[in-house]
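6 protein chains.
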Amino acid sequence: MSVNPVSQTLPILPKLSDFYVDEVIKAALKEDINYIDVTTDLLIPPESQSTAVMTAKSDGVLSGIEVALRVFGLLDKDAVVTFSLNDGSPLRKGVKIAEITGNTASLLKAERTALNLLQHMSGIATYTSLCVNAVNGTGVVIADTRKTLPGLRVLQKYAVLCGGGSNHRFNLSSAAMIKDNHIDACGSITEAVTALRKRAGHMVMTEVEVNSFERLREAVAVGADIIMLDNMTVEMMREAVGIVAGLTDSAKTSQNRPLLEASGNVTLDNIREVADTGVDIISIGALTHSVAVVDVGLNLSAV
Amino acid sequence: MSVNPVSQTLPILPKLSDFYVDEVIKAALKEDINYIDVTTDLLIPPESQSTAVMTAKSDGVLSGIEVALRVFGLLDKDAVVTFSLNDGSPLRKGVKIAEITGNTASLLKAERTALNLLQHMSGIATYTSLCVNAVNGTGVVIADTRKTLPGLRVLQKYAVLCGGGSNHRFNLSSAAMIKDNHIDACGSITEAVTALRKRAGHMVMTEVEVNSFERLREAVAVGADIIMLDNMTVEMMREAVGIVAGLTDSAKTSQNRPLLEASGNVTLDNIREVADTGVDIISIGALTHSVAVVDVGLNLSAV
Amino acid sequence: MSVNPVSQTLPILPKLSDFYVDEVIKAALKEDINYIDVTTDLLIPPESQSTAVMTAKSDGVLSGIEVALRVFGLLDKDAVVTFSLNDGSPLRKGVKIAEITGNTASLLKAERTALNLLQHMSGIATYTSLCVNAVNGTGVVIADTRKTLPGLRVLQKYAVLCGGGSNHRFNLSSAAMIKDNHIDACGSITEAVTALRKRAGHMVMTEVEVNSFERLREAVAVGADIIMLDNMTVEMMREAVGIVAGLTDSAKTSQNRPLLEASGNVTLDNIREVADTGVDIISIGALTHSVAVVDVGLNLSAV
Amino acid sequence: MSVNPVSQTLPILPKLSDFYVDEVIKAALKEDINYIDVTTDLLIPPESQSTAVMTAKSDGVLSGIEVALRVFGLLDKDAVVTFSLNDGSPLRKGVKIAEITGNTASLLKAERTALNLLQHMSGIATYTSLCVNAVNGTGVVIADTRKTLPGLRVLQKYAVLCGGGSNHRFNLSSAAMIKDNHIDACGSITEAVTALRKRAGHMVMTEVEVNSFERLREAVAVGADIIMLDNMTVEMMREAVGIVAGLTDSAKTSQNRPLLEASGNVTLDNIREVADTGVDIISIGALTHSVAVVDVGLNLSAV
Amino acid sequence: MSVNPVSQTLPILPKLSDFYVDEVIKAALKEDINYIDVTTDLLIPPESQSTAVMTAKSDGVLSGIEVALRVFGLLDKDAVVTFSLNDGSPLRKGVKIAEITGNTASLLKAERTALNLLQHMSGIATYTSLCVNAVNGTGVVIADTRKTLPGLRVLQKYAVLCGGGSNHRFNLSSAAMIKDNHIDACGSITEAVTALRKRAGHMVMTEVEVNSFERLREAVAVGADIIMLDNMTVEMMREAVGIVAGLTDSAKTSQNRPLLEASGNVTLDNIREVADTGVDIISIGALTHSVAVVDVGLNLSAV
Amino acid sequence: MSVNPVSQTLPILPKLSDFYVDEVIKAALKEDINYIDVTTDLLIPPESQSTAVMTAKSDGVLSGIEVALRVFGLLDKDAVVTFSLNDGSPLRKGVKIAEITGNTASLLKAERTALNLLQHMSGIATYTSLCVNAVNGTGVVIADTRKTLPGLRVLQKYAVLCGGGSNHRFNLSSAAMIKDNHIDACGSITEAVTALRKRAGHMVMTEVEVNSFERLREAVAVGADIIMLDNMTVEMMREAVGIVAGLTDSAKTSQNRPLLEASGNVTLDNIREVADTGVDIISIGALTHSVAVVDVGLNLSAV
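Residue numbers (this note's numbering), protein chains in the order written: chain D, 51 to 353; chain R, 51 to 353; chain G, 51 to 353; chain Z, 51 to 353; chain B, 51 to 353; chain U, 51 to 353.
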């Protein structure tokens, strides 16, 4: 992986709430420790102190460093942690990420849970960053989806931000997405959007999923905020962009036309081509549903 | 992916407890629905009934079908579900997996959570199955690790079984793994194993991680139950197998010698080569930490 | 209270998820029963069956009937419930709302929790309905706020819908509201909105809170989706409506101009006057933070 | 509202347990933040520090100050809080209640949850205090009921104490209340009380609800600890007091006669009249079920 | 153990709430199953059905039968359970208690948790019953204490009722117990009781712990509801009973004098002697803190 | 009880995880405090500070001191605790165990929960220690079982370690135990063990329960890791030891033969006799299911 300079400006990142993060970590520790660490608890002297150094074992983008370090803090209140890199930073193989000094047994018990979280989140940030870099200069936004893993949506969506990506709606309450079944139930896109605008709150953004130019035109006409081009070919997307421009040409800014979102079958191989069609957003389920970890190591040495 | 006939005999699978599965699903639904489905709840007539057909969109191995179908049951107690394939079954692109008839709005709300679970679990089963098939005939066991995602260990380890794999220890309490830090703290492998045997319960299996032949010999001598060959080359593994055979030749069966587990840097490309060294077990973190989904679709039609 | 015919057409209502509702009810029952009902458990014969009739003791709008009836179901799986009125229906003093037949002891234990929920939710729906009716014909939307009670937001926001009102953003994640502190931190409304548009996801609606005409003009110019007129007098609101119309007159529909939301110091006494200024939305914290119950009675008779 | 000097002596108040309060707050924060504060997290510089001043915007009685300040502590461990007024203190419009210095983003995220709790609890304390003051000099106790909101009973009952009121039984386990259904099931008040005395533990106080003088006499005769006069007119209550005095005149102190509790239809308009009948306790559901908030503001300024 | 005919009349028992019981059971099952039953899930054919017969293996009193049977229901919704004995029934070694027919694997997984609950609860009921029978004819009540095991108080207090005993206060909120530290803080018993009566709600029963006759007289004088004779000798208790009788002789019934509770060092050996002193209640921590199980067996046979 | 010098060397003990222990304690405090301590909160001045001294009131072995002291810390963050004895230490009646200085009201509220935990855990450690001492010199291991109380398994198994005992499998996932039903389902011990070895993970230890010498021989032949002699007489056990020795005499060390576990009907009276038969392990359900507390007192004095 090659992280180009574009991503050197770290993204603005939200602060995840401690009470949420702690809950995920405690669940993970309960799963992994359960009762005791039968090896560590019975072999490592309880007074032993060590320093653990966390090092990148491959290139990528960092995500979850505060989450991972919190694992150590939850098992050893007196652990001292320092980290050299913030979330969103590019990782180079061999670079030191953080250092933790504390009770040896606690460090060993925390290790796996901390790395499981950090490696997964960094995996998401890394793949997102590759996508973001691939469309560099086009102004296209790379967005995630609701295809996340149960219980991990907050961490996964945050990791997408770390990689320079953007979050699609957080859940079914936070924005509307009108799909085929909704259109069928209402009779038409026009009727569906009209009904929703009347029934939903004024803070609800409305996206319409279309798979034909006819539906695209209808969605533009009824004033959808965002239009998803569902599983269209690159050629179709290019034509869709033209159609929307034609229908909204009197309005000069993006404020006044619906945003176009490409979705489906986008990979690193074709993402630039998709971006070049002029769509505004490319949403990619694989950012969160098919993630390969970034390898991170932890080495302990006696204090 | 090509699933060869070896896996046609479905593995013996445990039954996951409802109370556990329901808890994971409810957490996922809370995350995804939160308050209401602002699109579906406001556009789909509440009395509408539909049938949803679940279909494989790529080849693979099925895992999580009962978990996924339970999602529909939790949102619509009267939903009728039938499934054509059991967990562990090979999937062919286009094959029908299951059918659910029930309240349309509930089906739409359940869809994403059900598919997120099913696709992830089937992804694990599929990759596991590829590994298992790759070592077909060698008698080598493909095992998972503790490199799982927080809150999902039970589902992930179960999915490994669906793919024909085997579970390594479930957590830090259930078996012992003596690593470098433990050996250093005790002085030697011999001292570590001896101390643990004295202090740990009699139901605790003991594995020792070694990275040299000297340590390997010591581990055999002290009677470790399993020995992990940590990040060894294929050549080293082959030699390790020979060393252990030599040390235990008077004992004819595997009962009387430690099992050898290969770990680290094993991919589909080299797994057969590793298996052919004569090791007993190959453990692979990627089975659970770097999983690509198997694509599954859901189509609704009015009843 | 007088519920005029306007509200006779029941609102389209979402279906709250059972797993959410059950959790609230179980928490309430634990709080109220704790161990046993020391009176009922020791005095009422366990085999005794009764029919309980739920009756409105004052006028209002019904909300929470399914929630309330679920309380009885959780304490007596075999209870038979029938209800004569749906959520959103007007209530007249004396009208029968529902009937529950089941185990007498369970009915008595469920009574208080069921009524506490129903009376509170109906209180919200009733006050909302009064506000909605007061602006009848103006097209103004009555919306709630985030001024809800801990743990009850879902039920309270749902009750607002039952009264014909509309939901403002559900939480801090689901939409943006730029207030003074955000503007100060960024330097100006323009900078704040521009920064947010760049950093937030494309499904995030943006509202700006203004307290002067200068800020109002700036918010319109930068294209805010919604503008909140914060604690303005009726005269100021009227002028604000004119300003926005002037700035956006080339655009004929509400699609092309920001919505205006009035907030602060709105009561039943002045709500019509506020609505007549031409604002689009009136948001009222009191809908959920200062609710008087609608009185509902429950009478048991032996089966 | 006018808080007369009577309440200047602050009530003796229990200390609510942190673990309970934290649980309520975390649930509220999860509801309100969910994932991130999309406005604050993306616009406020993470290193920004501010001081927030909490000020009463109307008169009343304070309740929940430690609860509210704990919200800030949970989002910013290093926040420094100081408060000028204790729970139970009278509030004058414009008076400063507390000051919090800490991370600006955390202050903004905590604000709504803290105020929602404080305003609701102070609303309860304020209304209770009005009732208490209205009966000043009569010795009558103002008590709450079980008509509380799900999940909030502890906070609501505590707020009643802050207003100078008294708590009725906490739940169905902690004391007995014999109502019509129990009397019917047992045959008579005498049989019900006798059976309960025999079956319930010796720490269970027994109250009997009566709606006629005949039942009142029976309740006195059987030695009920407390007798509730259910929905009686003021005239009936006065007569009831006389009847009980007549039946127990040989016993001089309140120790030796049942306490009389008035319940139903008591408002600020008639509460003094009710108190003057000579009843011992007036219980009022509206203390907790129909609460209007006390308005409290929070203003931030840069440190 | 010999259960004499006195206990043949089963006590009136409360119905424990399903939502509470289910929570305890699910926690227990999670603890005991965790992931899978590695023996049963892999060896017992999933379609196998069996009948399990539950039999007493020693004499005693039954408690927890519905709780225990619920364990089977939670693991196999279709299990059919029938029970021959109700809670509170005497058990004879060899007698059949219940029969469960269902999925063999589920029966095996439920067995340990069900028996752990039933044997513990029956152990409590049995020991309680022995105490109750030992004081047969004296009218003395045998009561439990707050010396219960974390998380199990509801089940343990219920089991005391099954054995014919009575419940002391359920928790620190439900009634008052004035001990040395409270007396010291207030200055005297008189001041403590007076202060509490003024500050606590009217439904709070007040008990005073005394260790001298002087304090006893003071407690009687101030009108304590119950007086605990703390660690007194049998002789002292007898004298205490006389003192109280003397002080209250004008009042003929127990209504008009405080109840006397003996506490401390009471065993089956001296309980009759203690009861014969004339105290009203004997409270015994060992009922719940030092319980020996009643042995119950479960045998499966194929259907 | 007499604790002989054997146990003076304290056992190596694991550190229980704070997040687990805190959860148990909070559940216990919620159960015991619920709302407020109606006595302490209303009578003890909130600023009062005291020192509490914890003293053994009988001989035994200490377990749970850190757990018990944590209770005080959870109610008073500023409490200062010091303890003189570690878990596993012998207790002599009258010896001081620990001292806590802090808020008086918090000390009083924590007292019961802290002692309930400490006395129960020390009771387990004490009985375990008696068993361990009784077999002193034989090399026999005293092990617990799965007969634990719901929700308390971690604390109970830890207490067994404090008493010098050993833990049997933690749960149904962590090791396999083949019983009659499994053998019947598979056809024979040989088939059951063989099937399990093939299906279960390589970290799963396998124990077989036998009740006849024929089955014993079969279990040895098939290479069971551990064999449980179920409810055998002492004579049978002795013979069983001889049989196993005969079958495995060519293998000199315990490494090469199955361990023998005696189970059923072992008491302090016959435990030495059982140990002298030559079995390796004696497992005793009563260690955790029928525990008598060790009495510990807590005395407060003003600071």
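Hints listed in this document are in silico derivations from the structure and should not be mistaken for laboratory results. Here the structure is a predicted model, which is why all the values come from computation and not from measurement. One or more of the hints may lead you astray.
Since copy identity is lost for identical chains, a pair holds within one copy or between any two.
Calculated lysine-lysine pairs in the DSBU-like style (CA-CA distance at most 30 Å, straight line) [what the hints assert, rightly or not]:
1) K65 / K229
2) K107 / K248
3) K80 / K127
4) K146 / K127
We went through each hint and held it up to the structure:
Within a single copy, K65 and K229 get their C-alpha atoms only as close as 33 Å, which misses the 30 Å cut-off; across copies the closest is 19 Å, which meets it. In this assembly of identical chains, K107 and K248 lie within 30 Å of each other by CA distance neither inside one copy nor across copies; the values are 53 Å within and 33 Å between. Proximity of K80 and K127 under a CA criterion of 30 Å is satisfied in both settings, with 17 Å inside one chain copy and 25 Å between copies. Taking the shortest alpha-carbon separations for K146 and K127, both the intra-copy value of 23 Å and the inter-copy value of 28 Å come in at or below 30 Å.
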